[in-house]
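Residue strings, one per chain:
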Amino acid sequence: MTLPDAVAAVLWLGVTAYALLGGADFGAGFWDLVAGGAHRGKQQRALIEHSIGPVWEANHVWLIFVLVVMWTAFPGLFGAVSSTLWIPLTIAAFGVIARGSAFAFRKNVTALWQRQAFGAAFAASSVVTPYFLGAAAGAVASGRVPPGIGTGNAVTSWWNPVSDLTGALAVVVCAYLAAVYLTADARRSGDQELIAQFRARALVAGVAAGIIAVAGIAVLHADAPALSTGLTHRALPLVIISAAAGIIALGLLYLRLFLTARIVAALAVTAVIWGWAVAQYPYVLQSRLTISAAAATHSVLVAVLVSMAAGAVLLVPSLLWLYLIFQRTELPAGRDVAAGAGRARASG
Amino acid sequence: MGFSLAWHIVLACFGVGLPGLVLFAEWRGIRTGDVHYRLLARRWAKALGLLFAVGAVSGTIVSIEMGVLWSGLMSRWGQVIGLPFAIEGIAFFIEAIFLGIYLYGWDRLPPRVHLWSGVPIFVAGLSGAFFVVSANAWMNTPTGYTIRGGKITNVDPWAAMFNPATGPETTHMILAALMVTAFGTASVYAVAMLRGRRDRYHRLGLLMPLTAGAILTPLQIVAGDWAARGVAAHQPVKLAAMEGLAKTTKGAPEALGGIFYDGSLHYAIKIPDGLSLLTRLNPHATIAGLDSVPADDRPPLVTLVHLSFDTMVAIGFGLLALGAWLAWSWWRQREFPRTPWFLRAVAVSGLAAVVATELGWITTEVGRQPWIVYGVLRVANAVNPEPGIQYGFWAVLGIYAILTVVTVAVLRHMTRSVPVPREPQPADVESYRVT
Chain A
1 MTLPDAVAAV
11 LWLGVTAYAL
21 LGGADFGAGF
31 WDLVAGGAHR
41 GKQQRALIEH
51 SIGPVWEANH
61 VWLIFVLVVM
71 WTAFPGLFGA
81 VSSTLWIPLT
91 IAAFGVIARG
101 SAFAFRKNVT
111 ALWQRQAFGA
121 AFAASSVVTP
131 YFLGAAAGAV
141 ASGRVPPGIG
151 TGNAVTSWWN
161 PVSDLTGALA
171 VVVCAYLAAV
181 YLTADARRSG
191 DQELIAQFRA
201 RALVAGVAAG
211 IIAVAGIAVL
221 HADAPALSTG
231 LTHRALPLVI
241 ISAAAGIIAL
251 GLLYLRLFLT
261 ARIVAALAVT
271 AVIWGWAVAQ
281 YPYVLQSRLT
291 ISAAAATHSV
301 LVAVLVSMAA
311 GAVLLVPSLL
321 WLYLIFQRTE
331 LPAGRDVAAG
341 AGRARASG
Chain B
349 MGFSLAWHIV
359 LACFGVGLPG
369 LVLFAEWRGI
379 RTGDVHYRLL
389 ARRWAKALGL
399 LFAVGAVSGT
409 IVSIEMGVLW
419 SGLMSRWGQV
429 IGLPFAIEGI
439 AFFIEAIFLG
449 IYLYGWDRLP
459 PRVHLWSGVP
469 IFVAGLSGAF
479 FVVSANAWMN
489 TPTGYTIRGG
499 KITNVDPWAA
509 MFNPATGPET
519 THMILAALMV
529 TAFGTASVYA
539 VAMLRGRRDR
549 YHRLGLLMPL
559 TAGAILTPLQ
569 IVAGDWAARG
579 VAAHQPVKLA
589 AMEGLAKTTK
599 GAPEALGGIF
609 YDGSLHYAIK
619 IPDGLSLLTR
629 LNPHATIAGL
639 DSVPADDRPP
649 LVTLVHLSFD
659 TMVAIGFGLL
669 ALGAWLAWSW
679 WRQREFPRTP
689 WFLRAVAVSG
699 LAAVVATELG
709 WITTEVGRQP
719 WIVYGVLRVA
729 NAVNPEPGIQ
739 YGFWAVLGIY
749 AILTVVTVAV
759 LRHMTRSVPV
769 PREPQPADVE
779 SYRVT
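For the protein sequence lines, the chains are A and B, in the order given.
If you count by our numbering, then the first sequence holds residues 1 to 348, one letter each, in order.
If you count by our numbering, then the second sequence holds residues 349 to 783, one letter each, in order.
Read the hints as simulated data drawn from the structure, not as lab findings.
Fair warning: this is a prediction, and the values are worked out from it, not measured in the lab.
You may find that some hints are simply not true.
[Stated by the list, open to error] To spell it out: a stretch of chain B is covered by chain A in this simulated footprint if at least three of its residues, at any positions, have a beta carbon under 8 Å from a beta carbon of chain A; those stretches are:
| hint | segment |
| --- | --- |
| 1 | 368-374 |
| 2 | 399-411 |
| 3 | 445-456 |
| 4 | 626-640 |
| 5 | 738-747 |
| 6 | 760-774 |
Glycine included, every Cβ here is placed at the ideal spot set by N, Cα and C.
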């Protein structure tokens with residue numbers, strides 16, 4: 001494995017982390033959107049808010065990580081992608097603003113119409129952003145982003161059969177991951193109805209993702225032959241793992257083995273992402289630009305690896321602590337206990 | 349992009365400084381058990397959560413804009429200047445993680461563990477500011493690479509990061525961020541005091557940040573001088589624009605105010621030999637003027653650069669005077685000045701600090717034009733050539749306008765929906781939910 005390959009792998013780990021963590025976060029927003037009216041959807045929205053509250057900001061830092069590593073280590077790739085795909089990236093960026101601020105604002109207002117307005121903004125942007133990021137990914141995968149600054153078509157690069165597919169797939173996969181995670185979260189709350197609701201949602205989303213993936217095979221075969229060949233040959237083992245994991249996860253959900261389902265669902269998504277990379281290897285821009293040609297000079301790649309390794313030493317334990325604290329704590333029902341303990345501690 | 353950055357920077361200032369204030373208040377609360385400190389810490393923390401969220405998303409936009417708008421810059425130079433952004437990304441990640449732990453763990457973690465869990469937020473905030481500003485410093489004094497036959501080689505990203513402007517720029521900006529937080533927070537309590545809330549809670553809320561601001565300001569004046577000397581040494585044309593100096597002059601005057609047109613500065617108050625004295629400590633020193641480079645290489649909006657610089661410095665000295673007034677009063681009577689004019693001055697000091705910060709950025713960024721990388725890459729050659737980009741600008745403007753209004757409205761609602769009790773009790777403290 002060469003140095004550019006190693007850095008590309010680090011970049012891809014970042015993409016995977018963003019898909020699994022940020023993606024689930026977006027998916028939670030999707031379920032918030034379809035949770036129902038103010039009264040009916042209240043329990044679901046409370047669960048969603050409680051689950052993503054402490055971790056959503058950390059989940060979305062991965063996007064910045066991906067952007068920054070890309071422009072440092074593969075500046076030519078970054079320039080080509082961000083100039084040709086400026087429209088979907090800008091829309092995704094607006095979605096990020098709307099989402100983060102609406103989520104923060106919603107918690108701090110009391111009037112119902114305001115909560116609903118921010119809630120709608122939060123939920124809508126949770127669908128818009130993954131769609132356009134997915135469409136941008138599809139543009140790259142189908143070879144519609146040529147090397148150079150602004151050389152691709154600013155519209156058809158991301159508005160075409162493959163991009164429509166990958167955009168839709170991104171939204172559904174995010175919803176699926178979120179539903180699987182939320183089902184396990186709901187179990188800690190003990191609310192049987194909530195568990196059943198999210199389990200049903202996870203099953204539906206999983207099946208939908210499968211259908212879109214299968215339809216995708218036909219679309220790719222027609223519209224992106226290079227990628228299609230890569231997926232059916234070099235990357236075939238990963239594609240098979242993804243499909244198998246997807247089906248097994250559905251079974252695990254049905255059998256109410258939620259924690260295992262979480263892991264297997266994550267595996268299915270990871271396999272798809274790495275399958276894409278393997279199918280395209282060694283090109284970053286289909287048939288036009290390879291990893292090594294796009295890579296920065298040796299000293300920069302080394303600097304990136306060294307600083308990311310140093311960063312990981314600090315970040316991984318911190319992330320684990322964050323998730324552990326909030327996986328173990330009580331859900332809304334338990335807040336009185338915590339406050340009471342606080343009072344006892346203060347006076348003691 | 350300037351607009352997005354101008355917005356982001358205000359929030360980033362609070363993101364850097366407010367954790368320090370919150371931790372200080374929480375620490376005093378733990379040491380003394382005083383409910384006022386404890387309540388201040390909680391209420392400030394809640395504001396911090398909101399501001400951080402909005403600031404974080406505005407930072408994400410800026411990262412995306414770097415690529416979408418400045419593809420020409422990033423595709424060629426991204427590898428030279430990417431490393432500080434990467435490290436800033438790690439710092440920001442740590443901030444986000446520990447902010448989640450700190451805010452959501454307030455009543456779940458033991459008090460000392462909780463306090464310590466907030467320290468990485470502050471440290472990471474300072475580091476992030478350092479790294480991201482060093483990237484801007486590179487744009488002013490580019491180092492760490494060689495150009496051979498049109499290609500960029502011998503890239504040394506560490507040398508690029510620690511370029512000549514890094515020290516002065518990062519120090520100046522970090523102090524600015526802390527000052528914006530200090531005076532900004534103090535203004536809020538000054539307004540409350542002017543409206544009659546003279547209790548201990550508001551007193552502490554005023555004095556804690558104001559004292560910090562008073563200590564920081566003299567340091568900032570020195571840092572500002574350091575930064576200006578750096579500009580004089582490495583970007584003489586920028587200094588010429590900042591001072592409105594049209595012609596290279598021996599024994600150059602310091603020009604305060606004035607408007608630059610028809611190739612020279614009009615209506616300015618000129619102190620003879622002032623600029624030469626300030627820059628080189630020699631009244632006969634020769635200072636480069638705008639005419640030292642061809643017309644194409646000069647910053648286009650000299651009046652803007654010059655007046656921004658002068659106003660920023662004036663505000664800086666104004667804040668220095670405010671801090672000195674407080675220090676004098678404290679020395680004489682262990683109390684802040686009785687006159688309402690003092691509180692009125694504090695009430696506007698927050699806005700003044702923000703304005704000074706923005707003017708400083710205008711000075712350095714517009715003053716660097718037409719270069720986006722000084723002496724190396726012009727703005728015109730760095731921009732994304734795809735058609736329709738200008739619609740993005742209007743969209744960004746509209747979105748940030750809405751965001752500003754909503755952020756202020758939500759902050760006000762947040763503080764008013766749970767009013768501060770006249771005499772806070774421990775129960776008031778514990779029932780105040782930070783998240």
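Cross-check of the supplied hints:
1. For the segment 368-374 of chain B, the stated coverage by chain A is not satisfied: 0 residues place a CB nearer than 8 Å to a CB of that chain, which falls below the threshold of 3.
2. Counting residues of the segment 399-411 of chain B whose beta carbon lies closer than 8 Å to any beta carbon of chain A gives 10, which reaches the threshold of three, so the coverage claim holds.
3. Counting residues of the segment 445-456 of chain B whose beta-carbon sits less than 8 Å from any beta-carbon of chain A gives 10, enough to reach three: the coverage restraint holds.
4. Figure legend: the segment 626-640 of chain B, annotated as covered by chain A; annotation inconsistent (0 residues with Cβ-Cβ distances under 8 Å, at least 3 required).
5. Under a criterion of three residues with beta carbons nearer than 8 Å to beta carbons of chain A, the stated coverage of the segment 738-747 of chain B is upheld, 3 such residues being counted.
6. Coverage of the segment 760-774 of chain B by chain A holds [criterion: at least 3 residues with CB-CB distance below 8 Å; count 4].
Taken one by one, the earlier hints fail for this structure at numbers 1, 4, listed in ascending order.
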